[in-house]
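Q: One letter stands for each residue in the lines below.
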Amino acid sequence: MTNPFSLDEVIELISAVGVETFDIRTITLGISLNSCSDENVNRCATKIYEKVTRIGRNLVPTARHIEKKYGIPIVNKRLSVTPIAQVGGACHGDTLVPLAQALDRAADELGVDFVGGFTAHIQKGFKRGDQLLINSIPDALCATKRVCSSVNVATSAAGINMDGVYRMAQIIKEAAERTRDRDGLACAKLVIFANQPEDNPFMAGACHGNGEAEAIVHVGISGPGVVRAALTNAADLDFGELSELIKKTSFKITRVGELVGREASRMMGIPFGVIDLSLAPTPAEGDSIADILELMGLEKVGCPGTTAALALLNDAVKKGGVMACTYAGGLSGAFIPVTEDAGMCGAVEAGALTIEKLEAMTSVCSVGLDMVAIPGDVSVEVLAGIIADEMAIGVINHKTTACRLIPVPGKKAGEVVDFGGLLGKGPIMDVSKFSPNRFVRRGGRIPAPIHSMRN
Amino acid sequence: MNTQRERVVITVLGANKPGILAGVTRIVADANVNVDDISQKVMQDLFALMLVTDFSQANCTFEEFQGRLQKGADEMKVRIFAQHEDVFKFMHRV
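Chains as they are written, first to last, in numbering that gives the first Met the number 0: chain X, 0 to 454; chain S, 0 to 93.
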């Protein structure tokens, strides 16, 4: 039998893993908790723990087996569950914290890194379960290590629930204050969304949506380092050639994700959901979206041309990746977190990147204002205004946008915070001193845009 | 893993010196793993070797095999990777 690939092709993968920090960022197992509702919150918690540990018991062993078989690191093993506001809506009492603790214990028992789904969808208004959940967020984030929370406050079909935006600005401030000794770390596990996907494997915004199966396996790829390495010798390429090069690289790394997803699905006997085609950076040297943009020819990220460069990157990643997999989903695009990306932090420190330019960049990439540390004395109104702007970009452009903002208590713009691990460290970005006080407190909902009416 | 045809790609990278190929193929032979294809390159002082092997008649598990290769790699001061061939097929072929 002839050999189907060359030595060079084999070495290409080995060096992608060994030198360019290529990995599968996550295998995320989605689990429906609709069957766990109960009037008694402790009974509900017990049902959740039992179901999650039963369905998820093979996740970590499966991921370890696949890592060895193919020589590809799988960095995180995660769970996503039905939005807990739905599951806990029937619970008597005034807190859903026991449900978060049950998820945390289950995650610990299974050895998974994070569990997403302490979630509410309030784009049109608050149900009882939503109120309960949102009021429980600061306590839940402080009482657990691995639980992530997300709240969807806007969709292109419903508009923006501005009461929800304002309430979430209050919750962010409260969560930051409650973790003052850790620079507001609780906020790193809390995302506010417009158009939140139901099948996203990435944290902190993963949940298992109502349209999903009973259980499902999703895969999130990574790979900024691989794209960066490909572009290192690409100084003379024109835009068409540049796009082609990124597409080819994206194709290859997505294929590995497709293989991992199929194998994980087969081994666990759980259907394969989607590949999330996102370039997810880490604080590691070279594993940076900012580095890629600067290799394209920007002096520093944030300079004029940055939005166009990011648009090209984001589009090429999708075009290359979508042919490599059966089902694409989740967020799918380039992530531009700040503290998680050493190159982005460098651009902030150099004065090249401001929060306003970052906002513009989010109109062409896959997430939003992600892992942005801001001064701890930011007012609820300014915070609500920043969130509302980000939601408006998502709603009008029919895309996902999100805010993961960390007001760092007691610290000012320019000071450095260190959240540790994948969350990284970086400078605190300045925010406007002018207040949208009267605007964000009007109450009610910003109506859906005219182009949402497609029927 | 031992029931049907399972092709495993073994890659060896390191400084060039006598005996690397012999050392690796000894481990492979001892595990009753057959070599289907072999290619080797020497770039300046860097040695790169690829063996495409049939693991289906192996006398040990894949993890044990990887362990033996790792031991050999430590002794020869090279790096050895053993990966199922599907990962290369998926990555490089449509």
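Hint data in this document are derived by calculation from the structure and do not stem from the laboratory.
Yeah, the Cβ is synthetic: ideal placement off N, Cα and C, and Gly gets one too.
Hints may contain errors.
Stated by the list, open to error - Computed from the model, here is a short list of chain S residues facing chain X with C-beta under 8 Å:
(1) Met-49
(2) Ser-55
(3) Val-86
Said to hold, decoys possible - List of simulated lysine to aspartate or glutamate pairs, DMTMM-like, C-alpha gap at most 20 Å:
(4) S:Lys-88 with X:Glu-66
(5) S:Lys-88 with X:Glu-414
(6) S:Lys-40 with X:Glu-8
(7) X:Lys-246 with S:Asp-73
(8) S:Lys-40 with X:Glu-11
(9) X:Lys-67 with S:Asp-73
(10) X:Lys-432 with X:Glu-414
(11) S:Lys-88 with X:Asp-314
(12) X:Lys-318 with S:Asp-85
(13) X:Lys-67 with S:Asp-44
(14) X:Lys-67 with S:Glu-62
(15) X:Lys-299 with X:Glu-348
(16) X:Lys-67 with S:Glu-84
(17) X:Lys-67 with S:Glu-63
Unchecked claim - Quick list of the computed label-pair ranges, beta carbon to beta carbon:
(18) S:Asp-53 with X:Glu-49: 37 to 47 Å
(19) X:Arg-56 with S:Glu-63: 16 to 26 Å
(20) X:Gly-413 with S:Ile-37: 26 to 36 Å
(21) S:Gln-56 with X:Glu-49: 41 to 51 Å
(22) X:Tyr-326 with S:Lys-88: 16 to 26 Å
(23) X:Ala-212 with S:Lys-70: 53 to 63 Å
(24) X:Asn-33 with S:Lys-70: 20 to 30 Å
(25) S:Asn-33 with X:Glu-243: 23 to 33 Å
(26) X:Arg-453 with S:Ile-37: 55 to 65 Å
(27) X:Glu-414 with S:Ile-37: 36 to 46 Å
(28) S:Gln-43 with X:Glu-66: 27 to 37 Å
(29) X:Arg-56 with S:Arg-25: 53 to 63 Å
(30) X:Asn-33 with S:Arg-25: 41 to 51 Å
(31) S:Ala-28 with X:Thr-231: 54 to 64 Å
Q: Look at each hint and say if it fits the structure.
A: We went through each hint and held it up to the structure:
| no. | hint | in the structure |
| --- | --- | --- |
| 1 | Met-49 | holds, 5 Å |
| 2 | Ser-55 | violated, 12 Å |
| 3 | Val-86 | holds, 4 Å |
| 4 | S:Lys-88 with X:Glu-66 | holds, 16 Å |
| 5 | S:Lys-88 with X:Glu-414 | violated, 48 Å |
| 6 | S:Lys-40 with X:Glu-8 | holds, 13 Å |
| 7 | X:Lys-246 with S:Asp-73 | violated, 38 Å |
| 8 | S:Lys-40 with X:Glu-11 | holds, 14 Å |
| 9 | X:Lys-67 with S:Asp-73 | holds, 18 Å |
| 10 | X:Lys-432 with X:Glu-414 | holds, 18 Å |
| 11 | S:Lys-88 with X:Asp-314 | violated, 25 Å |
| 12 | X:Lys-318 with S:Asp-85 | violated, 23 Å |
| 13 | X:Lys-67 with S:Asp-44 | violated, 29 Å |
| 14 | X:Lys-67 with S:Glu-62 | holds, 8 Å |
| 15 | X:Lys-299 with X:Glu-348 | holds, 11 Å |
| 16 | X:Lys-67 with S:Glu-84 | holds, 12 Å |
| 17 | X:Lys-67 with S:Glu-63 | holds, 11 Å |
| 18 | S:Asp-53 with X:Glu-49: 37 to 47 Å | holds, 44 Å |
| 19 | X:Arg-56 with S:Glu-63: 16 to 26 Å | holds, 25 Å |
| 20 | X:Gly-413 with S:Ile-37: 26 to 36 Å | violated, 58 Å |
| 21 | S:Gln-56 with X:Glu-49: 41 to 51 Å | holds, 43 Å |
| 22 | X:Tyr-326 with S:Lys-88: 16 to 26 Å | holds, 20 Å |
| 23 | X:Ala-212 with S:Lys-70: 53 to 63 Å | violated, 44 Å |
| 24 | X:Asn-33 with S:Lys-70: 20 to 30 Å | violated, 50 Å |
| 25 | S:Asn-33 with X:Glu-243: 23 to 33 Å | violated, 40 Å |
| 26 | X:Arg-453 with S:Ile-37: 55 to 65 Å | holds, 59 Å |
| 27 | X:Glu-414 with S:Ile-37: 36 to 46 Å | violated, 58 Å |
| 28 | S:Gln-43 with X:Glu-66: 27 to 37 Å | holds, 32 Å |
| 29 | X:Arg-56 with S:Arg-25: 53 to 63 Å | violated, 40 Å |
| 30 | X:Asn-33 with S:Arg-25: 41 to 51 Å | violated, 57 Å |
| 31 | S:Ala-28 with X:Thr-231: 54 to 64 Å | violated, 40 Å |
The structure fails to meet hints 2, 5, 7, 11, 12, 13, 20, 23, 24, 25, 27, 29, 30, 31 from the earlier list, while all remaining hints are met.
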